[in-house]
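Each chain, letter by letter, is given below.
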Amino acid sequence: MVESFTVKFVDPEGEGAERRTTVEAGQTYLDAAHAAGVAMEATCGARGRCRSCRVKVISGEMPPPTIQDTVQLGHDQVRENFRLACQTKVVSDSVVMSVPPKSEAGHQIMTADTSAAMARGLVLDSGVSKFLVQAKAPASEHNQTADWDEIYSVLPETVERRLSLDVMRKIPTALRDKSGELTVTTFQDRVIDLEAGDTTEHLYGMAFDIGTTSIVGSLIDLDTGECLANVGGVNPQAVYGGDLMSRIAYAQFDSKKLQTLRARVLNAIGDFVKEACAEAEISASHVYKIIVVGNTCMHHVLLGIDVTYVGLAPYAPTVNDAIVAPAADLPIKVTPNAQVCLLPIVAGFVGADTMACVLATRIYESDEMRALVDIGTNGEVVMGHKGRLMACSAPAGPALEGAQIRHGMRGAVGAVEKIEIGDDVECQVIGGTPAIGICGSGLIDACAKLVEAGVMERSGRFIRKGRENLPPALQERFIDTPDGIEFVLVKQEDAGKDEPITLTQSDVRQIQLAKSAIFSGISMLQIVMEVSDDELKELMMCGGFGNYINVENAVKIRLVPNLPVENITYSGNAALMGAQIALLSEEERERASELARAIEHVGLATHPDFQDLFVEGMSFLGGPEPAADEGAKRRRSGGRRAAAGGD
Amino acid sequence: MEDPVLQIPEGWEGRAPDGWEWQTLWEAVEHGDHIYADSRVQEAIDADMDPRVILDDGLFPGFNLQADRFSAQVIFIPEMLITARAMKAGLALIRPLLAAQAEKPLGTFVMGTVLGDMHDIGQSIVTIMLENAGFNVINLGTDVHPDLFIETAMAEKADLVGFSALLSTTVYYQKVTIEEFEKAGHRDKVHILIGGAPTSPEWAEECGADGWGRDAVQAVRKAMELVKEDRAAWA
Numbered sequence: 005m006v007e008s009f010t011v012k013f014v015d016p017e018g019e020g021a022e023r024r025t026t027v028e029a030g031q032t033y034l035d036a037a038h039a040a041g042v043a044m045e046a047t048c049g050a051r052g053r054c055r056s057c058r059v060k061v062i063s064g065e066m067p068p069p070t071i072q073d074t075v076q077l078g079h080d081q082v083r084e085n086f087r088l089a090c091q092t093k094v095v096s097d098s099v100v101m102s103v104p105p106k107s108e109a110g111h112q113i114m115t116a117d118t119s120a121a122m123a124r125g126l127v128l129d130s131g132v133s134k135f136l137v138q139a140k141a142p143a144s145e146h147n148q149t150a151d152w153d154e155i156y157s158v159l160p161e162t163v164e165r166r167l168s169l170d171v172m173r174k175i176p177t178a179l180r181d182k183s184g185e186l187t188v189t190t191f192q193d194r195v196i197d198l199e200a201g202d203t204t205e206h207l208y209g210m211a212f213d214i215g216t217t218s219i220v221g222s223l224i225d226l227d228t229g230e231c232l233a234n235v236g237g238v239n240p241q242a243v244y245g246g247d248l249m250s251r252i253a254y255a256q257f258d259s260k261k262l263q264t265l266r267a268r269v270l271n272a273i274g275d276f277v278k279e280a281c282a283e284a285e286i287s288a289s290h291v292y293k294i295i296v297v298g299n300t301c302m303h304h305v306l307l308g309i310d311v312t313y314v315g316l317a318p319y320a321p322t323v324n325d326a327i328v329a330p331a332a333d334l335p336i337k338v339t340p341n342a343q344v345c346l347l348p349i350v351a352g353f354v355g356a357d358t359m360a361c362v363l364a365t366r367i368y369e370s371d372e373m374r375a376l377v378d379i380g381t382n383g384e385v386v387m388g389h390k391g392r393l394m395a396c397s398a399p400a401g402p403a404l405e406g407a408q409i410r411h412g413m414r415g416a417v418g419a420v421e422k423i424e425i426g427d428d429v430e431c432q433v434i435g436g437t438p439a440i441g442i443c444g445s446g447l448i449d450a451c452a453k454l455v456e457a458g459v460m461e462r463s464g465r466f467i468r469k470g471r472e473n474l475p476p477a478l479q480e481r482f483i484d485t486p487d488g489i490e491f492v493l494v495k496q497e498d499a500g501k502d503e504p505i506t507l508t509q510s511d512v513r514q515i516q517l518a519k520s521a522i523f524s525g526i527s528m529l530q531i532v533m534e535v536s537d538d539e540l541k542e543l544m545m546c547g548g549f550g551n552y553i554n555v556e557n558a559v560k561i562r563l564v565p566n567l568p569v570e571n572i573t574y575s576g577n578a579a580l581m582g583a584q585i586a587l588l589s590e591e592e593r594e595r596a597s598e599l600a601r602a603i604e605h606v607g608l609a610t611h612p613d614f615q616d617l618f619v620e621g622m623s624f625l626g627g628p629e630p631a632a633d634e635g636a637k638r639r640r641s642g643g644r645r646a647a648a649g650g651d
Numbered sequence: 473m474e475d476p477v478l479q480i481p482e483g484w485e486g487r488a489p490d491g492w493e494w495q496t497l498w499e500a501v502e503h504g505d506h507i508y509a510d511s512r513v514q515e516a517i518d519a520d521m522d523p524r525v526i527l528d529d530g531l532f533p534g535f536n537l538q539a540d541r542f543s544a545q546v547i548f549i550p551e552m553l554i555t556a557r558a559m560k561a562g563l564a565l566i567r568p569l570l571a572a573q574a575e576k577p578l579g580t581f582v583m584g585t586v587l588g589d590m591h592d593i594g595q596s597i598v599t600i601m602l603e604n605a606g607f608n609v610i611n612l613g614t615d616v617h618p619d620l621f622i623e624t625a626m627a628e629k630a631d632l633v634g635f636s637a638l639l640s641t642t643v644y645y646q647k648v649t650i651e652e653f654e655k656a657g658h659r660d661k662v663h664i665l666i667g668g669a670p671t672s673p674e675w676a677e678e679c680g681a682d683g684w685g686r687d688a689v690q691a692v693r694k695a696m697e698l699v700k701e702d703r704a705a706w707a
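Residue numbers (the numbering used here), protein chains in the order written: chain L, 5 to 651; chain Y, 473 to 707.
Simulated from the structure, these hints should not be mistaken for laboratory data. A few of these clues could be false.
[As the list claims (entries may be wrong)] BS3-like, lysine-lysine: derived pairs with alpha carbons at most 25 Å apart: (1) L:Lys495 x L:Lys60; (2) L:Lys93 x Y:Lys647; (3) L:Lys261 x Y:Lys647; (4) Y:Lys661 x Y:Lys700; (5) L:Lys278 x L:Lys174; (6) L:Lys134 x L:Lys93; (7) Y:Lys647 x L:Lys260; (8) L:Lys261 x L:Lys337; (9) Y:Lys647 x Y:Lys661.
Predicted, not measured: the structure shown is a model, and the values here were computed from it.
Isolated chain L (complex conformation) (with noise of 0.2 Å):
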């Protein structure tokens, strides 16, 4: 027999119940963590390449540090009983101290307004309507009629007669409920409900945007486009891999895993609508319509189907069109009446909240040259005007998301949002609460400000020479760790947790790495469609940077190339804007499955161009020459006859 062993989880902040498990030698506390039922995510999937994971051990016996706890938390931590959850196996009785604190895992949500949409003129035409009917139950044996011929018998001629089985089980009730007083839902002309009595006021539908990182979702009324509430929260799937590779890795090859991450989206979409419909105070038995976006493996999972593929060159979605299922079949149980709409896929990497951002940025009725790029754990380009799209996906990771950065979080309570460097670091913080980490407007401010400051080379380094130079404060800001540089930008006495918040060499990198994808991916958009700087009328960024972004800091850190900028606008949560107008209109609908076919997709990785850009879109704009290469112009102005001279 396996020995096992009981963990127990306390909370850090002494809040909450105790949870504890029995695990079996040989799992890890992550195993453990999931197993009870605590919130703990592995933004790196579990691969000990981040700390997101990172636990306390209190008591009991502990193996030996692996190398990655060592790199990750560095000695002092481990020292401390600190470990990696994803790499440490549990082997012995223990209790542990989940960390980050549960405040860090707040989520602000980011919604948009359906108020713009309806202000551009979009005609409401949600595809679902109500019928209030007198109906009269059979009467006579002979000559018999059934309960559905006199219900039919009242119903517009539209209507077809087809029904389904959910909705022959309402009948004899409904019918004879209220003396024959009927409300029958249509949507496309099929009876999707029937209830006794007049609920024709009621009809309401969602929007949801499934991200890789988070899902939002907005409840509306489908009669006058009123958001009645917005909801949003991390995507539950986010412990089994933050990066899109990691979640499909995860189910790869396995369907049972395929089931865990299909049954955490369910389960999420539906306490979404339950909390919206508790805050809107209506019944979720009168949503009819869900429109949900999201990549192509949110998009696939959220159907059941196999994403192994999607995660293998070429990429290639299973299916592509437009998709309308019954919520019972999914099953999303909240909403029993419900039919749930994904908009088209146009490729692999390229989804259907690529197809949302597309419908709400109106891109493809532009006379210029426009593009947009959703900024996302997996970003996508959009080029083009009236008359020719074209797509390529952009995989950034999730660093521009604050994860796998050493302080690194969401857009929430707590998070620096946004920095200043002139003598002194200044920061402004979400919420105005003491900084507990810093989100990624704050990561992109930090990197242009701090190439500005002449604190870092354009390549991204942090200088080692010359610091004498730079503002005293400025100067007591680095850290040399055996690990490498870090500067620190909001100091432990002003920040909310027992370590200053810094940023580290190697999250410079991440963020190099994931800004030169996006910026790549526009680049090469670019080069295959012969668009220069000058005839790109507009660039729209949308997608995850909550409230604000410094349109001015994306341009010096090449996030986005160098357009003038007032040419570059902020279009916040395309996607899920996108979602709402297919909710309101099912002209708008039909116009994204047009749009996916017409769609050109770009395959980068193969393009011969692409490495070239890619490594060079990491630098950045300004500040110091990448360590002064004195020895250039000696070489050039005749040093080399010198040198040569002695034979």
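With the hints as your guide, set chain Y onto chain L.
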């Protein structure tokens, strides 16, 4: 972590003509000045210097400095690439001379990125570095089928095979490729090295590789160790 410093080869002046200066070439390689590297190496060749000396005293110091910095994460991919290219420019002139002196390559290395994976940068840095270290490298590019690795290894009587995987989804094919070597009955004839961002020493062990490199520098060091170890001979 200390910033690595230039390791000046001991006694280099005794191996060069009077008044000869290598410092400019060390700097040129460090800063990736491939035009200068090319011309300076040509001058050394014209001055009848031993190609081995040019390589060890002229090219390697600047290159090793950058390789150490890269390993220490002081510099990043772009800087390492331009240094590797400058090194390659100089090496291109020397290699035929080394061959003419019947200097044998350290070994034959078949390199590529696994099936399903289009990432090129990592394996191309490793390739340049292996060549610089004296290996004969056959680079199969990206998205390489296991069969092609096996056929090439057979045809070239390879000493080592290396495959990188840069996606969590494609590391699986590192294991598959090794299994295919087993099935083909050639596993004992080659040393297998793996690498790539999602990989780890644990994964290397699990998938049955002989070695793992955290980065290109480590991969080359590992290759130099492995090539000395015994293997079954190719038929």
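Status of the hints after comparison with the structure:
At most 25 Å may separate the alpha-carbon atoms for a hinted pair to count; Lys495 of chain L and Lys60 of chain L meet this at roughly 23 Å. A C-alpha spacing of about 24 Å is found between Lys93 of chain L and Lys647 of chain Y, which places the hinted pair at or below 25 Å, so the restraint holds. Restraint check: the Cα-Cα separation between Lys261 of chain L and Lys647 of chain Y comes to about 20 Å, which is no more than 25 Å; the hinted pair holds. For the hint pairing Lys661 of chain Y with Lys700 of chain Y, the CA-to-CA distance comes to about 13 Å; that is within 25 Å, so the pair holds.
Distance check on the hinted pair: Lys278 of chain L and Lys174 of chain L sit about 23 Å apart at the alpha-carbon level, within 25 Å; holds. Between Lys134 of chain L and Lys93 of chain L the alpha-carbon distance is near 58 Å, which puts this suggested pair outside the 25 Å criterion. Distance check on the hinted pair: Lys647 of chain Y and Lys260 of chain L sit about 21 Å apart at the alpha-carbon level, within 25 Å; holds. Distance check on the hinted pair: Lys261 of chain L and Lys337 of chain L sit about 21 Å apart at the alpha-carbon level, within 25 Å; holds.
For the given pair, Lys647 of chain Y sits about 17 Å from Lys661 of chain Y by alpha-carbon distance, which is consistent with the 25 Å threshold.
In summary, the structure is inconsistent with hint 6 from the numbered list given earlier, while agreeing with all the others.
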